[in-house]
Amino acid sequence: MRAEHPDREGRWAWRLTGAITVCVYVFMFAPILATVVLSFNASMFGGFPLTGFSLRWYEKLLTNGPVLDAFRTSMWIALVTATVTTLLGIMAALALVRFEFRGKQAINTLVILPALVPETILGVGLLVMIKAVDQPRSMTLLVLGHILLTLPYVVLIVQARMVGIKRSYEEAALSLGAPRVSTFREITLPLLIPAVLASVLLAFTISFDNTSASLFWRPAGVETMPTQILSMLKISISPEVNALGTVMILLTVGIPLAGGLILQSLTWFKAGK
Amino acid sequence: MHDDNSHDQPRPASAGADRDPLARGESQPTGKPAVEFRDIDIFYGKFAAVRDFSLAIRKGSFVTLLGPSGCGKTTILRSIAGLVDITSGQISIGGKRVDDIPIYKRNIGLVFQNYALFPHKNVFDNVAFGLKYRNVPKPEIVRRVKKALDMVRLPGSETKLPSQLSGGQQQRIALARAIVFEPEVLLLDEPLSALDANMREDMRVEIKKIQRETGITAIFVTHDQEEALSMSDRIVVMNAGLIEQIGSPAQVYDQPATAFVANFLGKANMLPGSVTAMDGNMATIALASGHVVKAAAPKALTAGSAITVVVRPQKLTVGTAGAANRLSGRIVSTSYLGGNAVYEIDIGAGTPLRANTLIDGQPLREGETVDVCFDPLGCVLLDAQGVRIA
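From first to last, the protein sequence lines are chains R and W.
Under this note's numbering, the first sequence has 1121 at position 7, and the numbering climbs by one with no breaks.
Under this note's numbering, the second sequence has 120 at position 95, and the numbering climbs by one with no breaks.
Calculated from the structure, these hints are not laboratory results.
Computed from a predicted structure; not experimentally measured.
One thing to keep in mind: the hints can contain errors.
[Stated by the list, open to error] Below, in silico cross-link-like pairs of lysine-lysine (DSSO-like), each with a Cα-Cα straight-line distance of 27 angstroms or less:
#, chain 1, residue 1, chain 2, residue 2
1, W, K157, W, K121
2, R, K1280, W, K157
3, W, K324, W, K292
4, W, K234, W, K84
5, W, K146, R, K1280
6, W, K84, W, K71
7, W, K157, W, K185
8, W, K84, W, K233
9, W, K130, R, K1280
10, W, K185, W, K163
11, R, K1280, W, K84
12, W, K146, W, K130
13, W, K163, W, K130
14, W, K292, W, K340
15, R, K1218, W, K71
[As the list claims (entries may be wrong)] Which residues of chain W face chain R? A partial, calculated answer using Cβ under 8 angstroms:
#, residue
16, Y129
17, N139
18, F143
19, R159
20, V161
Note that the Cβ used here is the ideal one computed from N, Cα and C, for glycine as well.
Same shape as in the complex, but just chain W:
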């Protein structure tokens, strides 16, 4: 069996606990990983696009590479396809090294942001393209194209040209084209970002459904945290060419390994301060804003050490009297979202706190003075380097 932990990470960020392969509800491993990266470096001249990238992807799982633009996620995806040359390290697909195999022999399905349907070929010829180069007999091609079009819910569209289809339909044809020849791995390069918002959510569900039905291994690249959280079995958060964290959606959201992850996923509140006392596993922390709060610490902390308390906007309660960690402040902005509201609350620190709470009726008004509370168990502590204390 492969072992995720065998590849040393450059940062303490990717701690072993986050990389435990058994902790994320995927199917049990069957032999070789579908895709495996070992110590990948990719340089463009002197610029390091990706550094020390190691990852094993289980067969049939849905893995998302998440990060801001320029973080190296697309570069990694393209390196699997063979569209980018790796500088060092090795990539295996289905246990076979592919470093020297040209793209057209790699047996991968690729879906692009801009669909990239061949504009001069009709839907049938587009979807049949991969089968044609695999010497599939004609009647079989017809049968499988039909099946693929049924799967993406566009049956009977064989004779249409791509220009006669909407963006969402084009992307579904592109998906059919990429899965019809049953590739070993399906690569999706921001496939939803060219679609409008309504369509995006439908496609999200649809892609996930098709991936589950076909049992295909999928690698999905996005900068959209919602897409990543809703679709993935595992998320690889990347920043500036390095892996920040690998984990299930719940892990990366609830236990961000670094300040970057905490911030990138869901705009967490970062409260800098220092430890003043330890009582059992409860740390007393003096915040830079002047407040004193308590937070559960996974291990004993020395008094005086610098620390950052990370609290999700959803973990803050506003107005109602919470027992512990009461911070008083003034509402500087209110966004009413129907069932809930997002407040920005000035508690005297540099940046205002963000709180996202369920409301019943009217939201609180700007300028009101309120109490904000959070549970000592509902926060994460980062050390002076911005790494989660575990």
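Just chain R, same shape as in the assembly:
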């Protein structure tokens, strides 16, 4: 029996797989890497070649009033959105998983629908609607819009976890004498925590870097981080934009990562005690 043949073929297949994988990763991460690397570039122009290492663009960011305003606005919106959406999402998922009622299937679909409708259309739609009732664009509206955008994801996440929590846990708690609210607080909620954390992080991230819908909804004179970057880009690709981009990457990647780590250490702590 000769084993060389399939062996050689296998080796080539593996090489090809490896090469393609590398290409995919380069394609995925090169733009991010470029942004990060260029943010430390000393050059006046936001592009290659590199001329030296510098933190001046970060320094400049810290003194840039409009950017700092936009950052505060985005943080605030994202925090409110994440909080409200998560609360609503838990309640919706609880109802959709634990209770039987008429029109449940329809409501389930309706809750998810905004995630499927193109954002631009949602943006225009909400704008048209408030024009129809003659209301100004306001921060409240912007936040409501972000809640609309993030709710479907939160409902999906919490629902998925909820399905996995056996009803008998709750039934056991009830049978042992815990009223319904205590049962939720002591049993259901702690078991939901991973989904709750994931929801907060995802809603925060989606809200924080939403561009197209925010463009339609923001009140006059208000900029969020993404819209601020857009308007800065209208002038030129300044290295400052790269620095800002790096900060945003750090936030939107860093926060979920940190959340994951916290969760992991929590479970580890529980099991270890």
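Chain R is fixed; fit chain W onto it per the hints.
Chain W only, in chain R's frame:
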């Protein structure tokens, strides 16, 4: 005193004799029954899950609801807990109606098939859960949790998480959690079916022992006839939402009230035929297979009436010459089980006879022709409706 016979049953199946409360070696009644069902109907929409269910359960007794899946046994158990709403009728626990009392105020202990230990709480917090909601002071909680863990033979496991325990250990913790606050009744919903076979038998003995020691009233749901026969003071056999028979293990096994009970408990042989003559209390019956047999009848039967002779596989003797009721046939399959053997014997009727006999040495081989005999006193007669003639 309560009276089991006061509740009319929908079927002649639940004849009075089977429901006599004094005939089953339980403790003497002390006042109100621990749990009482009166004319319970439970509907899911138009589907009747349980119909006309009446039962009084004596304090301290071990009652099993036995039946195939979908027979309504779990529904009844959950209705005691308050997890299922009854459509009509009333349920009392300790003489108090509970129909409108929410589950968390019913003071019942519930053990689930899948254990349902809280995965994020350690063993102590799991077992202490019920005590915490009964405002028991902390030192007392510690003491009683320890006692309960001793009782289920898992002392010192307080700080373990459920995921660190085996299935059997988890179920024992679940049992401790359900009995630690001394509930009025302990409900066990197929607690053994998730365990592997060896563990199941140990747990069976253990649950029974703990029930006896604590004197708690227990209601046990299972589809396993062995569990039911070995653990219960009384068995309620259910089928399709109705009670088929209520009686002691020996009663339901030896005197099955219906064809269903005879079949469900121990795969009885059913031999259809018709009465040809009565001589005293001995009926002569012509079987559909062509054989003529004699069987003791509790009352006079009219010649020509259709009848089914029920014989347990253990009541058939194979090979050795029995005096009466000799049926000859051919062995179509042999299962050797060590001390005994199960034969399937074709006697020319539709379904082969099952015989389970003690053997000494080699079992008989397939294809052999043998005589099968049974005692005219060792069988039960069912009428054309499948109801035991009594």
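Checked hints:
1. Of the pairs offered as hints, the one joining K157/W and K121/W holds, with about 24 angstroms between alpha carbons and a cut-off of 27 angstroms not exceeded.
2. Taking the CA atoms of K1280/R and K157/W, the gap is near 22 angstroms; set against the 27 angstroms cutoff, the hint holds.
3. Of the supplied pair hints, the one linking K324/W and K292/W holds, its CA atoms being roughly 26 angstroms apart against a limit of 27 angstroms.
4. With a C-alpha separation of about 16 angstroms, the suggested pairing of K234/W with K84/W holds against the 27 angstroms cut-off.
5. Straight-line distance between C-alpha atoms of K146/W and K1280/R comes to about 15 angstroms, which keeps the hinted pair within the 27 angstroms bound.
6. Straight-line distance between C-alpha atoms of K84/W and K71/W comes to about 35 angstroms, which puts the hinted pair past the 27 angstroms bound.
7. Our distance criterion of 27 angstroms between C-alpha atoms is met by K157/W and K185/W, whose separation comes to about 19 angstroms.
8. Restraint check for K84/W and K233/W: satisfied, since their Cα atoms lie roughly 15 angstroms apart, inside the 27 angstroms limit.
9. Distance check on the hinted pair: K130/W and K1280/R sit about 22 angstroms apart at the alpha-carbon level, within 27 angstroms; holds.
10. With a C-alpha separation of about 19 angstroms, the suggested pairing of K185/W with K163/W holds against the 27 angstroms cut-off.
11. Distance hint between K1280/R and K84/W is unfulfilled; the C-alpha atoms sit about 32 angstroms from each other, more than 27 angstroms.
12. A threshold of 27 angstroms between alpha carbons decides the hint, and for K146/W with K130/W the separation of about 22 angstroms falls inside it, so the pair holds.
13. Using a Cα cut-off of 27 angstroms, the hinted pair K163/W and K130/W holds, with the two alpha carbons roughly 21 angstroms apart.
14. For the hint pairing K292/W with K340/W, the CA-to-CA distance comes to about 12 angstroms; that is within 27 angstroms, so the pair holds.
15. Between the alpha carbons of K1218/R and K71/W the distance comes to roughly 20 angstroms, so the proposed pair stays at or under 27 angstroms and holds.
16. Taken as an interface hint, Y129/W checks out: its beta carbon lies about 5 angstroms from the nearest beta carbon of chain R, inside 8 angstroms.
17. For N139/W, the suggested interface contact is upheld, since its CB lies about 6 angstroms from the closest CB of chain R, less than 8 angstroms.
18. Interface hint status for F143/W: upheld, as the beta-carbon distance to the closest one in chain R is roughly 6 angstroms, under 8 angstroms.
19. Hint status for R159/W: holds, given a least beta-carbon distance of 6 angstroms to chain R, under 8 angstroms.
20. Contact between V161/W and chain R, as hinted, is not supported at the beta carbon level, the nearest pair being about 11 angstroms apart and thus beyond 8 angstroms.
Violated hints, in rising order: 6, 11 and 20; the structure is consistent with all others.
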